Amino acid sequence: MLRTSEEARLNVPEDLRYTKNHEWVRVDDTGIVSVGVTDFAQDALGDVVYVDLPDLDRSVAAGEGFAEIESTKSVNDVYAPVAGTVVAVNDALMDTPELVNSDPYGDGWFARIDPGGEPDLSSFMDAAAYRALIEAE
Amino acid sequence: MPVQYDGVLAEHAAVRQAVGVFDVSHLGRFDVTGPGATELVRRQLCNDVTTVASGRAQYTMALNDRGGIVDDIIVWRYADDGYWVMPNGTNFDEILGRFVDNAEAATTVAAVRDDTVLIAVQGPDSPRVVEAVIGVMPGRFRVIDGEFAGGWFRAGGTGYTGERGAEIAVPSESGENLFEALLEAGATACGLGARDTLRLEMGYPLWGQDLDESTTPMEAGLGWVIGWDHDFVGKTAVSRQQDNGVPRALVAFACEGRTIPRHGHQLRAGSSTGEVTSGNFSPTLGHGIGMGYLAPPIEPGTQIEVEIRHKWVPTQQVDPPFIKT
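Going line by line, the protein sequences match chains A and B.
If you're matching positions, the first sequence starts at 997 in the working numbering and goes up one per residue.
If you're matching positions, the second sequence starts at 241 in the working numbering and goes up one per residue.
Calculated directly from the structure, the hints in this document are not laboratory data.
If you're wondering where the values come from, they're calculated on a predicted model, not measured in any experiment.
Errors might be hidden in some of the hints.
Said to hold, decoys possible - SDA-like, lysine to any residue: derived pairs with alpha carbons at most 20 Å apart:
hint : chain 1 : residue 1 : chain 2 : residue 2
1    : A       : 1016      : A       : 1127
2    : B       : 475       : B       : 299
3    : B       : 551       : A       : 1127
4    : B       : 551       : A       : 1114
5    : B       : 551       : A       : 1072
6    : B       : 551       : A       : 1048
7    : B       : 551       : A       : 1051
8    : A       : 1016      : A       : 1026
9    : B       : 551       : A       : 1064
10   : B       : 564       : B       : 443
11   : B       : 551       : A       : 1061
12   : B       : 551       : A       : 1054
13   : B       : 551       : A       : 1006
14   : B       : 475       : B       : 461
15   : B       : 551       : A       : 1016
16   : B       : 551       : A       : 1090
17   : B       : 551       : A       : 1026
To be verified - Pairwise CB distance ranges (calculated):
hint : chain 1 : residue 1 : chain 2 : residue 2 : range
18   : A       : 1058      : B       : 380       : 54 to 60 Å
19   : A       : 1070      : B       : 389       : 47 to 53 Å
20   : A       : 1058      : B       : 424       : 52 to 58 Å
21   : B       : 424       : A       : 1005      : 22 to 28 Å
Unchecked claim - Partial chain A-side listing against chain B, Cβ under 10 Å, derived:
hint : residue
22   : 1042
23   : 1043
24   : 1045
25   : 1046
26   : 1047
27   : 1064
28   : 1066
29   : 1067
30   : 1069
31   : 1071
32   : 1093
33   : 1094
34   : 1095
35   : 1097
Even glycine gets a Cβ: it sits at the ideal position worked out from N, Cα and C.
Please model the entire structure based on the sequences and the hints provided.
Below, the structure is given as structure tokens:
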């Protein structure tokens, strides 16, 4: 679907970790894990028109579908990258889901999960590995 | 045609507010000419083509013996005994085969899809753009012939968006030239994604989703497409249903907020049940809209609910189109 020239301009920040499902993961100083979808994912989905977010305080398993993202083209699950408790959701996406397109790593974040301890980041990709993945797709 | 060029929402807005251009060359088209052409078209398709004069277009359908919709079709009557029959791309071979098998010796049936390019120009600014490129804008449901780039064009005032527009066919070698000239004149290139949201806002059915061989015109709310004063394939079955009533019927509905009904979601209304056949976000309205079938048919005013993410969401029944153009 995407041409190589477009992949080259997609943003893959160095300070984040990535899943094979095109979510990004950021761990803050207190161990809370923020989750969103990548620039590649939003570009492939097209215009995002609805986001279904998990309930606060919900317990999620690693790899569980815990949110949905709808574009004019398709509906896709967003998976919890780590197990834990949902401690924040980005309510702004309810009225302005297009933030996922315009600022996927910033105002377009989905949720924050408290993993209840040191999260295991070993299964995630760094920016270089993720860049290689999307160039192969 | 790609799903999108610059984004479905931008392309959708271009068609509603200005003008968009779609490469719809995948649509079927074949030529039916000669003595017997009119009777062949009349017999194979359920609308009565003799009710439109030469130089006019008609929306019609091919039915099976059970009254099911084998395809919905646009016919361009470009001469008294000359027709372009334009089925959906997926049904092209089936419909072409029916015409070939039933043509008399003096009637010629010839595929023209592979030798031509078909471009749809749609939107309130389409007359300006079409006139700039081919010199003339066909009126609504009118069919005209003319010259383009040293060759010919055939154009109809038809489309699938609800906006003023034209569909223009040219020989394949002129296709790129035509598409580029329309872009140059100010049209926005649009893809399949916008084509789908635009047609859904008008409540236009899509064959393969809202229509299929087990669905009759009456069930789909398309009884008006049947011309009762002539003989056609499937007439006995649809006549019976016309007298006895339908077991299920298409409904259109709008959701509040941003929850979006999708193909396959469950529907319920009173004691009736069914499924969504088309659903999406309406870019013009800013909320979800959909269509689907309920069995048995419901009384007007019955609350329709759709199951989205395991929750039954109330909807507002709508008499299509969803928007006024």
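Now for the hints, and whether the structure bears them out:
1. A:1016 to A:1127: Answer holds: residue 1016 of chain A to residue 1127 of chain A is near 11 Å, not above 20 Å.
2. B:475 to B:299: 17 Å, holds
3. B:551 to A:1127: Violated, at about 38 Å.
4. B:551 to A:1114: 35 Å, violated
5. B:551 to A:1072: 18 Å, holds
6. B:551 to A:1048: 12 Å, holds
7. B:551 to A:1051: The given pair, whose Cα atoms are some 14 Å apart, holds under the 20 Å limit.
8. A:1016 to A:1026: 25 Å, violated
9. B:551 to A:1064: With a Cα-Cα distance of about 14 Å, the restraint between residue 551 of chain B and residue 1064 of chain A holds, given a limit of 20 Å.
10. B:564 to B:443: 11 Å, holds
11. B:551 to A:1061: Given pair residue 551 of chain B, residue 1061 of chain A holds - Cα atoms ~17 Å apart, limit 20 Å.
12. B:551 to A:1054: 18 Å, holds
13. B:551 to A:1006: 36 Å, violated
14. B:475 to B:461: Since the Cα atoms of residue 475 of chain B and residue 461 of chain B sit roughly 16 Å apart, the hinted pair holds (cutoff 20 Å).
15. B:551 to A:1016: 30 Å, violated
16. B:551 to A:1090: 17 Å, holds
17. B:551 to A:1026: 35 Å, violated
18. A:1058 to B:380: 54 to 60 Å: Holds: the Cβ-Cβ distance is about 58 Å, inside 54 to 60 Å.
19. A:1070 to B:389: 47 to 53 Å: Given about 38 Å between the Cβ atoms, the range is violated.
20. A:1058 to B:424: 52 to 58 Å: 53 Å, holds
21. B:424 to A:1005: 22 to 28 Å: 26 Å, holds
22. 1042: 6 Å, holds
23. 1043: With Cβ-Cβ at 4 Å, under 10 Å, it holds.
24. 1045: 4 Å, holds
25. 1046: 5 Å, holds
26. 1047: 8 Å, holds
27. 1064: Where the cut-off is 10 Å and the nearest Cβ of chain B is about 7 Å from residue 1064 of chain A, the hint holds.
28. 1066: 6 Å, holds
29. 1067: Hint holds; residue 1067 of chain A Cβ to chain B Cβ min 8 Å, cut 10 Å.
30. 1069: 5 Å, holds
31. 1071: Where the cut-off is 10 Å and the nearest Cβ of chain B is about 6 Å from residue 1071 of chain A, the hint holds.
32. 1093: 7 Å, holds
33. 1094: Since the shortest Cβ distance to chain B is 8 Å, the answer is holds.
34. 1095: Interface hint status for residue 1095 of chain A: violated (13 Å vs cutoff 10 Å).
35. 1097: 8 Å, holds
Consistency with the previously given hints fails for numbers 3, 4, 8, 13, 15, 17, 19, 34, ordered from lowest to highest.
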